[in-house]
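2 protein chains.
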Amino acid sequence: MAKNNSKNNSKEHTRVRIINSAKKLFSEQGYQKTTIVDISKQAGLSEAALYEYFQGKEDLLLTIPDLWVSELLHDLDDQLFGIQGAVNKLRKYLWWYLRRVEQAPLDAKIVYLFLKTNANFLNTEVYANVKKLYAYLVDIFEEGQKNGEMKPDLNPRIARDIFVGTMDHIITRWVLKDMSYSLFDNLDQTFNLIVGAFKTDQSNSADYLN
Amino acid sequence: MAKNNSKNNSKEHTRVRIINSAKKLFSEQGYQKTTIVDISKQAGLSEAALYEYFQGKEDLLLTIPDLWVSELLHDLDDQLFGIQGAVNKLRKYLWWYLRRVEQAPLDAKIVYLFLKTNANFLNTEVYANVKKLYAYLVDIFEEGQKNGEMKPDLNPRIARDIFVGTMDHIITRWVLKDMSYSLFDNLDQTFNLIVGAFKTDQSNSADYLN
DNA sequence: TTTTTATCCTAATGTTATTAGGAAAAACTA
DNA sequence: TAGTTTTTCCTAATAACATTAGGATAAAAA
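Same order as they appear, the protein sequences are chains D and Z. Per the numbering used here: the first sequence = residues 1 to 210. Per the numbering used here: the second sequence = residues 1 to 210.
A few of these clues could be false.
Identical chains share a label here; the pair holds if one copy fits it or two copies do between them.
To be verified - Within a straight-line C-alpha distance of at most 25 Å, the following computed DSS-like cross-link-like pairs (lysine-lysine) qualify:
# : residue 1 : residue 2
1 : 177       : 132
2 : 11        : 177
3 : 92        : 132
Hints listed in this document are in silico derivations from the structure and should not be mistaken for laboratory results. On a predicted model such as this, the values are computed, not experimentally measured, just so you know.
Sequences and hints are given; from them, build the entire structure.
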């Protein structure tokens, strides 16, 4: 049993080493310009050995976001637990997500630049999980409508599109510009502007008092 | 002279044929899965002949958005000419752009899925032109502030981010879902919601009367 | 110790982008 | 028009990679 464990650990360890090498190189040089030789050298292996761990280059590309996004999804529940009110939840959602992006910039770069272009993207686990991540927002907007924070005639899916669209736009630019500034610049203004559009006039004018 | 013209025309004609073949194949199969052999066959040429017209596969990829976006940029002036007021201009901008996307779905797909992932994207002419396209919006918001349509404390760059982010999000999803529905579904609601966040309270409540 | 299994390697193989070198055809010159 | 240059195109390399074959080494199991 102990031996079995250490075997699995070493196998797992090599796998992680390969993933980290790929992550680094993909995000530095792009998917196309990174070769299997590059990755295996970086990981201290021969190319052929790498194929014991992954089916190929594409499999390797898809594995990276898969791990990251599923971990995000798992964390999200925790993060929103106990927060009261739709606006507070939205705020937490945005700050949480951007912080996760800042903490894992390589993963984020791969997700935002290389994933969507992959022909299989729509059929991946990642895509399903990203959808779940965004579906949370629809729930939050609906909750806001029930408790009177959000306009009763707000279409939750449209609200989600605006929220996600803006968020993704900010992240994509950041990633393209090589993460050379803070993601949180002007975030308060942006958040207030967007959410202002969703809130009832009551809560909007109350907000003016701050 | 006449001969010279016909020569240029035939050269230009072949070039266009190659571009259209590449456009079709890239958007059908993706950039990576499309080979130079595919493209040259489709265009009725040998691979080697293609290299007389383009430096390579990447050059071909970048040429497609380059043509499309620079044509867009040229058209935009015309389209906004004579339209009075920031809100009306914004509306025209959005409807115009989405229509252009619908009319040139192959170009749009290439721009939205394959362009950003290219390592050289930031140094291309396309990127400069896309920036100009978006810079128009900043001007429109500033105009709206001057004439009182838009909130005086609105940050025009943030407004642009929200507008562009939402627009790009809608287009990206449409392109990923293989253009299987109309881009204009719910567009009115989306537009009103966004622009509602930017307008002064005065013009907001006036809007309610419609 | 022998056998099995996991991990890795060197050396193919096959696909694809790109180039070399030159033929065919068109355009130009005298 | 006959010769010359230029344009356009082709077949046949070359080179860069991804992926696979076949087997060596070493660890684990018997």
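Verification of the hints:
| no. | hint | result |
| --- | --- | --- |
| 1 | 177 / 132 | between (28 Å within a copy, 17 Å between copies) |
| 2 | 11 / 177 | neither (36 Å within a copy, 38 Å between copies) |
| 3 | 92 / 132 | within (17 Å within a copy, 34 Å between copies) |
This entry does not satisfy hint 2, going by the numbered hints stated previously; all others are met.
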